[in-house]
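Protein chains in written order, with UniProt numbering: chain A, 1 to 97; chain B, 1 to 472; chain C, 1 to 383.
Hints in this document: simulated from the structure, not taken from any laboratory.
Note that the Cβ used here is the ideal one computed from N, Cα and C, for glycine as well.
Be aware that a few hints might be false.
Unchecked claim - If you anchor each label on the Cβ, the simulated ranges turn out as follows: (1) G49/A / T255/B: 34 to 44 Å; (2) P233/C / D375/B: 22 to 32 Å; (3) G191/C / T58/B: 55 to 65 Å.
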Amino acid sequence: MNPLSRMWPGPAFTVTFDGRPIEARPGWTVAAALWAAGIVSWRTTRFEGRPRGVLCGIGVCFDCLVTVNDRPNQRACLVPVRPGDVIRTQEGTGHAG
Amino acid sequence: MRADLAVIGAGPAGLAASLAAAARGVRVALVDAGPEAGGQFYRQPAPALGSARHQGRTWRRLREGLDRHIAAGRIHHLKDHHVWCVERESAGFAVHALLGPEQEEPVVVRAAAVLLATGAHEKVLPFPGWTLPGVVTAGGAQALLKGGLVVPGRRAVVAGTGPLLLPVATGLAAAGTTVAALVESADPGRFARGARALAAEPGKAVEAAGYGARLLRHRVRVLVRHTVVAAEGADRLTGVAVAALDADGRVRPGTERRIPCDCLAVGHGLLPHTDLAETLGCRVDGGRVGVDDEQRTDVPGVWAAGEATGVGGAALALAEGHLAGGSIAARLAGAAPDPRGGEHAAERRAALRRFAAALDRAYAPRAGWAERITDDTVVCRCEEVRAGAVREAVHELGAGDLRTVKLLTRAGMGWCQGRMCGTAVAGIAGCPETVTRRPFARPVPLGVLAREPEEGRRPEQGRPQPQQDELG
Amino acid sequence: MTERLTCDVVVVGAGMVGAACAWYAARAGLDVVLVDRGPVAGGTTGTGEGNLLVSDKAPGPELELALLSLALWAELAEELGPAVEYEAKGGVVVASAPEGLAALSDFAAGQRAAGVSAVEVAADGLHELEPRLAQGLAGGVLYPQDCQVMPTLAAAHLVRASGVRLLTGRTVTKVPRTPRGAVRGVRTDRGTIHAGAVVNAAGTWGGELAERAGVRLPVLPRRGFVLVTEPLPRTVRHKVYAADYVADVASDSAALQTSPVVEGTAGGPVLIGASRERVGFDRSFSLPAVRALAAGATRLFPFLERVRAMRAYLGFRPYLPDHLPAIGADPRAPGLFHACGHEGAGIGLATGTGQLIARLLSGGVPELDLAPFRPERFEEEAR
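Isolated chain A (complex conformation) (with noise of 0.2 Å):
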């Protein structure tokens, strides 16, 4: 987590990306809470299968798309991280095939 970060108030918790804790705070989108564990790539593209993060960071560019707790396509700029939230890589459209 980078300094400024860490001056964020409150209390830090923990989530998962693809099963590896990383540290959140309360307030923190999942996009915040991944940038900040130096995490930029949370999804692969359905075609060419290239990774993808955030981009407009305001919930028109869908780039950041993310499985969270098992619902796919949640965009990451907007959601606000919780505690114990299971975040995971999505690749393609984030349905089973």
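We have chain A already, so just place chains B and C on it with the hints.
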């Protein structure tokens, strides 16, 4: 629920309009996607955090006014409400929203009048490598910073064009990120030297000077008339290639250099959100909702204010919102707005619009940007459509407009519905950027769409008494 | 910019039907110019789902045309390759109640007699065909001949492969005639094209073009909305629809009718189409129309409840009062040929229509009796 007025968007325009209308006795439902009022401009951290952010005087006034009207039952602030469609009904309007953040539960708000204060989103023109993780919009970088003190990287380049780049660069630098360069394709110095509009807006000159001083303090290198020609990296950004532009907007050969960075914050201006207006049948001209002096659209009962009616910044949005609120209150009561109350705001609006137009001219993307996009550059990020496919659709398959290009290539058919690629695809295809109809302003679950919406509970009855107007 | 061009045939309308007319006419050795006021596929073709169906057609002239067209589509698909997203996926028509199933079985029996392949599917066999279908349906019929194509891609690739001259962005303002009444080509806002034959493939606007040639053809619009979902892995395998669809297609009612056809696409999204209502060229969005589509689709496929609709769009089907297209030479204006008014079946019927028109243009004998499609048939009624 039912209200006299549904205001869509709680940014500067929506807030100013809500306060002006509520002060005149209008019952307002303020419907907003955010968890807190403020929109993108006054983006607020969640209250649980209790962070003492620096807050300007205008914001404090808006916030206090909002709290007062909420306490008095004149404004209902509906947070986390993502509006996907506004429907005309026999008497008034039905505002259809999904409750956030999951956006699966429907809500409907009915109102006699609607104000669209839907704001804008950032435009990004593609370049090779712009899909790499680590490339974010300038506004996106700002949102992460404001919303969580999260800095997107240790070494950033801020690039593109437009006045938003300055606060983003200074914000990142102040947060401890090394800003390796600010790459601006226009020459804003020319604007500052020559523009009469700037002289008419001394506040703006002071603001710009402040950013300049901060850039100096943080030793941010400013490259004007430069552009990012490529973002580099395998699976994430490791650097950008920048080059100088000639007077025609073409890359000057031999000027290319590489700047290592792990974040590129890039933006080329803002695009108004016009989907709701378009579906209601409002006139949309040149990408913005058309309004008259009272901020009325050409659909009776529908007003619009702020960036949706043309990008011009928060001060203009406040002035427009204020005028709209006054007009709505008067028109709902069957009267014409009192000209005395609105004179100052109308003058302010005119001056700010002149300023915005001058800015727009100074920061217009330089000719030649579309030719620079190589055939193998992905332009539609959602459907992974490359520039070459767009060119083939036009030159070999007979596409002549944005819609046919979309049908032939899938560019603009994905999750974002062309919001991110529309400008670029039109530029590459050489066709006008026509309005794309998006009846759903947001994706909506079929199960929600299938059900006739039930009306939520009615708010408190009774019409509150008119109040002194705070922003008059 | 004005220019003078000379050719054998001017085809007006670069939608699917115009593209097929141009293709088969060029194949027959004719020099063809294809002209459109917009881009390729800018009208109804660009809003179509690409249904190549026999399942919804009762025995009669339209079904004969559909069978001819499907055979030609299979040939074209070979020639054009994967770019047009042709899929011989088959259609499944389901009935929710025993009475509906009995009616559907009768309908299918009649179709079988007319040469359609229609396989009865018992209730317990439906999920083998479509695993995500709702439970409790009475049964259905599988139509292996039903196919799908991406209409805009098909029209554009067919035009390109045909090698005809394509002039887009040109509006035909007049179809000039000789003193004896024969057509002489078309006048456009950007020049004149001389030809001894003009094909009206203007779709929903075919009535307007006929008028510019001085004849009456009562083509009217029937509005339809289509819903498009988020991309999914291939979950819906066939074209699936409820038995009431057939009744809606044949209906004369002006009111909104929605019996959705649900299908997956090569691109990923599921398409849900299409409503039918007669409201002229009204382009305003109708939430009730798409709500009814969503309701019908989620009844057939409950898993769609949580799938998101990303967009909805509308188009105008060209229909004639008896729901049959106008195909053939117009005796009121020698040299004028009509190929329009296919209602919601224009993509499917385009190939047969194109071949029949090309046969007429080159002086041959068409494969089908064109009497039911005579363009002047409505004159007689009017008298």
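For which of the previously enumerated hints does the structure constitute a violation, in increasing order of number? none
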